[in-house]
Structure formats: C-alpha cells, structure tokens
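Participant: Each chain, written out:
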Amino acid sequence: MRNFFSKPYRWAAIFSLLLMGAVTFVLLDTFVIQKSVVVVESPSAMAVQETSSTQSTDPVITENSYEDENIKINIETVQKYDSTIYVADIQVSDVSYLKTAFANNTYGRNIKATTSETAAAQNAVFAINGDYYGFRDGGYVLRNGTTYRDTARSAGDDDALVIDKDGNFSIVSESQTSMAALSDNWQILSFGPGLVENGQITVDSSSEVSQSMTSNPRTAIGQISELHYVVIVSDGRTSESAGLSLLELAQEFKDRGCTTAYNLDGGGSSTMYFNGEIVNNPTDGKSSGEREVSDIVYFGY
Amino acid sequence: MSILDIKRNSQKKQIRRTIWIYLILAILMIVINKVYGIFGHGVHSAVMTWMFLYPLLGGVLLFFLMDRLLPDMTTRFSGYRLFYNSYNSGIAVLTIGSFLKGVFDIAGTNSSYIALFYAVGWLFIGLGLGVLLTLILNGRKICLSEEREQ
Numbered sequence: 000m001r002n003f004f005s006k007p008y009r010w011a012a013i014f015s016l017l018l019m020g021a022v023t024f025v026l027l028d029t030f031v032i033q034k035s036v037v038v039v040e041s042p043s044a045m046a047v048q049e050t051s052s053t054q055s056t057d058p059v060i061t062e063n064s065y066e067d068e069n070i071k072i073n074i075e076t077v078q079k080y081d082s083t084i085y086v087a088d089i090q091v092s093d094v095s096y097l098k099t100a101f102a103n104n105t106y107g108r109n110i111k112a113t114t115s116e117t118a119a120a121q122n123a124v125f126a127i128n129g130d131y132y133g134f135r136d137g138g139y140v141l142r143n144g145t146t147y148r149d150t151a152r153s154a155g156d157d158d159a160l161v162i163d164k165d166g167n168f169s170i171v172s173e174s175q176t177s178m179a180a181l182s183d184n185w186q187i188l189s190f191g192p193g194l195v196e197n198g199q200i201t202v203d204s205s206s207e208v209s210q211s212m213t214s215n216p217r218t219a220i221g222q223i224s225e226l227h228y229v230v231i232v233s234d235g236r237t238s239e240s241a242g243l244s245l246l247e248l249a250q251e252f253k254d255r256g257c258t259t260a261y262n263l264d265g266g267g268s269s270t271m272y273f274n275g276e277i278v279n280n281p282t283d284g285k286s287s288g289e290r291e292v293s294d295i296v297y298f299g300y
Numbered sequence: 000m001s002i003l004d005i006k007r008n009s010q011k012k013q014i015r016r017t018i019w020i021y022l023i024l025a026i027l028m029i030v031i032n033k034v035y036g037i038f039g040h041g042v043h044s045a046v047m048t049w050m051f052l053y054p055l056l057g058g059v060l061l062f063f064l065m066d067r068l069l070p071d072m073t074t075r076f077s078g079y080r081l082f083y084n085s086y087n088s089g090i091a092v093l094t095i096g097s098f099l100k101g102v103f104d105i106a107g108t109n110s111s112y113i114a115l116f117y118a119v120g121w122l123f124i125g126l127g128l129g130v131l132l133t134l135i136l137n138g139r140k141i142c143l144s145e146e147r148e149q
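Going down the list, the sequences are from chains A and B. Taking numbering that gives the first Met the number 0, I'd label the letters of the first sequence as residues 0 to 300. Taking numbering that gives the first Met the number 0, I'd label the letters of the second sequence as residues 0 to 149.
No wet-lab data here; the hints were simulated from the structure. One or more hints might be untrue.
[As the list claims (entries may be wrong)] Derived DSS-like pairs (lysine-lysine); straight-line CA-CA distance at most 25 Å: (1) Lys285(A) x Lys71(A); (2) Lys111(A) x Lys34(A); (3) Lys79(A) x Lys285(A); (4) Lys164(A) x Lys71(A); (5) Lys253(A) x Lys164(A); (6) Lys33(B) x Lys6(A); (7) Lys12(B) x Lys111(A); (8) Lys111(A) x Lys253(A); (9) Lys12(B) x Lys285(A).
[As the list claims (entries may be wrong)] Which chain A residues stay away from chain B? Per the calculated CB distances, all over 12 Å, these: (10) Trp10; (11) Leu26; (12) Asn104; (13) Asp264.
Note that CB positions come from ideal geometry on N, CA and C, so glycine has one too.
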C-alpha cells in the first residue's frame, strides 16, 4: 500500500477524484437535493373551514385594484431612483387574510416553486415572494401560527420580521430573542434587514444584504397602521430599471407613512403577483422570468 | 559529479516545480475570484477573496523555505513522499473548501459540510507537518552520527 502511494501522482490522482466527488455531493446537497420535512395543509383550505375567512359578496376587480368587504388592494407603478417601482397599498379586516405559504405546501430544503405557481395554488388575490427560508439552515420560520424552525441566525445579520396575531409588525434580533418567546405570533419572516422602525429609517447608504453594494430588484413589506400595509417590489439589473438600494427602499416606505418596514428576499426572486398575473418584470440580471422560491407572502382567502 | 549530486539536482528541480505549480495555483485562485465577482452582482465573499493565500503561503512559502533550509530533504530521508502527499492534500482541501464557502456566501446559503472540509484539510496539514518534523529530527540524528563516525 505504502509502495503504491509512493509512486508520483498516484495519490494525487486518487485524492483529486475523491475531492471532486465530495465537492459535487456538497453542491448537489446545497442547491439541488430536496429534503421534505413537513407537509402542511394548504392555508387556503384551512381558511375555508373558518367562517371568518370567507367572502360573501363579489369583489370589484380592475387591472390594478381589488376590493371586497375584507380585502382592499391598490397597485401603482412609479418611476423613481432610475427604477420602476410597484407599490401595493393593502387593507384587510382581519390578520387571517395576510398569509404565507410554502412551495408545494411542503416545509423543507430546496423545495421550490415560482411565486405565481404557489399563489395560484392558494387562490391568492395578491402575493409576493417570501424570505426563501429553504436556501439556508438558519433563521426563524413561523408561518400561519405554526413554528417550523427555531434556529437563530448569528448576530449582525439576524433581523426577523414578526407579525403578531393582531397583524402588527415588529422587528427583532434573532440572536437576542428566543423562538420560545416569539412562538405565539402569526408569522415570522427571516431575511432582512429591517428598513424602518418606529417611523425612522434604520439603514444607511452602506447597508446591504451580504456585502452587496449594488442596486437590485427588491421585495419588501411595511405597515402604515392597524391592518394597513404597503408592499414594494422594484425591477432591477436592467437598462430600463437599475433597482433600489436599501436606503432608497427605506425612504420610499417612510415617505408613505410606514412605521415598520422589512426587506425580503430580492434579486431574481423579486416577484409581485396580482389576480392571476405577474405585475413586475422578474430577472436575475442574466435571464428574465420568475425564479423558483421556497415560500410566498399573500393576501387572500 | 556523483550519483548523489545528480539525485540532489533532480530533487531540487522537483521542489522548484512544486513552487511554480503552487504559484500558478495562487494566481488561478485570484483570477477565479475576480471572474466569479463579475457574475455576483457586487456581492463578495472574504473567504473566496483570500483563498489564494493557502497555495501562496502554505505552498510557495513553505517549499521555498524547504529549498533554502533543507536542500537534502528529499534525497536523505525516506518518508518525504508521505509528507508531500499529505501536506499537498491538506492545502487542496482547504482551498477548495474556501471556494465552496465563498460560493455559498455569495448565493446567500450555507452548508454544514463546509466545516468538514476545514477539519479534513487541517488534519492532513497537521499530519504532513508532523511527518516533516519527524524527518528533520531523525535526519539531524543521522547527520550527527555520520559526523562522529568520520
């Protein structure tokens, strides 16, 4: 054995093959192999069982608005910061109309579907991509009142959006707040950073997601008042629309009167869906079209 | 010129070839980081940026020092191949592990297997350096006994 490996290049050749095998496995495990952990009942199916979550009158729907007795949505398109920005003003009568859903109704790693596919499966009126929790092992995941993951992210990059059972937003640091203390909430989304807190902008021109310093497509959600929300999605990485920095995004929420606002997964994931159509122009900068993601935030029954 | 001199020259060439290979690998790592950065939408990873240090400091520097301080290493002492294989494997695993960590950082994801790359890499390097140290100490003993016999 010792003589076999003492010949030049034999060890190198065998070890290189083993190393390449290990690299291939880790890449597949991280990006491709699906790991289903929990199959959940569809939030929309659950809602049918609850009398409070049903719609009794026909909604009034236009190209950019929706209104019934429980949900009111208005979408406007704005050109600002050298970017195309889609702003949805949403009011609901109860927090149960603000929901989240997993791709294929399954919690797990690398389980993905486009925002529009997941939204259509839930009969969502309006939807955006969520925090893409299934791309990471850390970050709190609490959806529609059920806890799925209680692993906190490390300090410095650990802002989580908490939506309580009255529909009010707050931003917490995962490394400083245990999941046990948060488990009695309606939703927790784990991406960040927080953009606005107590009506004040909490990011600056040097703030970015994962050291990125460029403008990007963005998805973010904010709260103006009780059960009154603003969702902003921006196009980016194209010649027509550069995309927003986090500071510009935060400024937009503040200008619209938000007391709390939070950045969700952006880049190629950024998608706004309304009444069966995709509103924005999703792109990762190389190709256009929706990216598959783990989860969505939506308004509907 | 004696057979020992011919062998010594040949082994010196081998060490210098190793230094050149490590130097090329260090430059390749810098180029890979730059090219990857072009497609990263401005997102960078410190781990990927500095991964060239493994072949540069761990490879070029160590073998340069060996060439200067231990010129007879490969001719005098058996077991050199064990050090060579083990140490180079460690540098390879650490460099590849850093590249993977950088890819995951830039993509915004992570993998628990990265820790294994670092553990295995340092294990190989530790083993290699351990073998090297043993060879140096044993070599000194042989040299001293040879001097006494003369």
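Participant: The structure should be examined with respect to each hint, and the outcome stated for every one.
Facilitator: Results for each hint:
1. Lys285(A) x Lys71(A): With a Cα-Cα distance of about 35 Å, the restraint between Lys285(A) and Lys71(A) is violated, given a limit of 25 Å.
2. Lys111(A) x Lys34(A): holds (11 Å)
3. Lys79(A) x Lys285(A): Holds - the C-alpha atoms of Lys285(A) and Lys79(A) are around 23 Å apart, at most 25 Å.
4. Lys164(A) x Lys71(A): With Cα atoms ~19 Å apart, Lys164(A) and Lys71(A) stay inside 25 Å; holds.
5. Lys253(A) x Lys164(A): holds (24 Å)
6. Lys33(B) x Lys6(A): Distance of about 36 Å is beyond 25 Å: violated.
7. Lys12(B) x Lys111(A): violated (54 Å)
8. Lys111(A) x Lys253(A): violated (32 Å)
9. Lys12(B) x Lys285(A): violated (47 Å)
10. Trp10: violated (4 Å)
11. Leu26: violated (7 Å)
12. Asn104: holds (22 Å)
13. Asp264: Given that some Cβ of chain B is not farther than 12 Å from that of Asp264(A), nearest at about 8 Å, it is violated.
Hint check: violations occur at hints 1, 6, 7, 8, 9, 10, 11 and 13; the rest are consistent with the structure.
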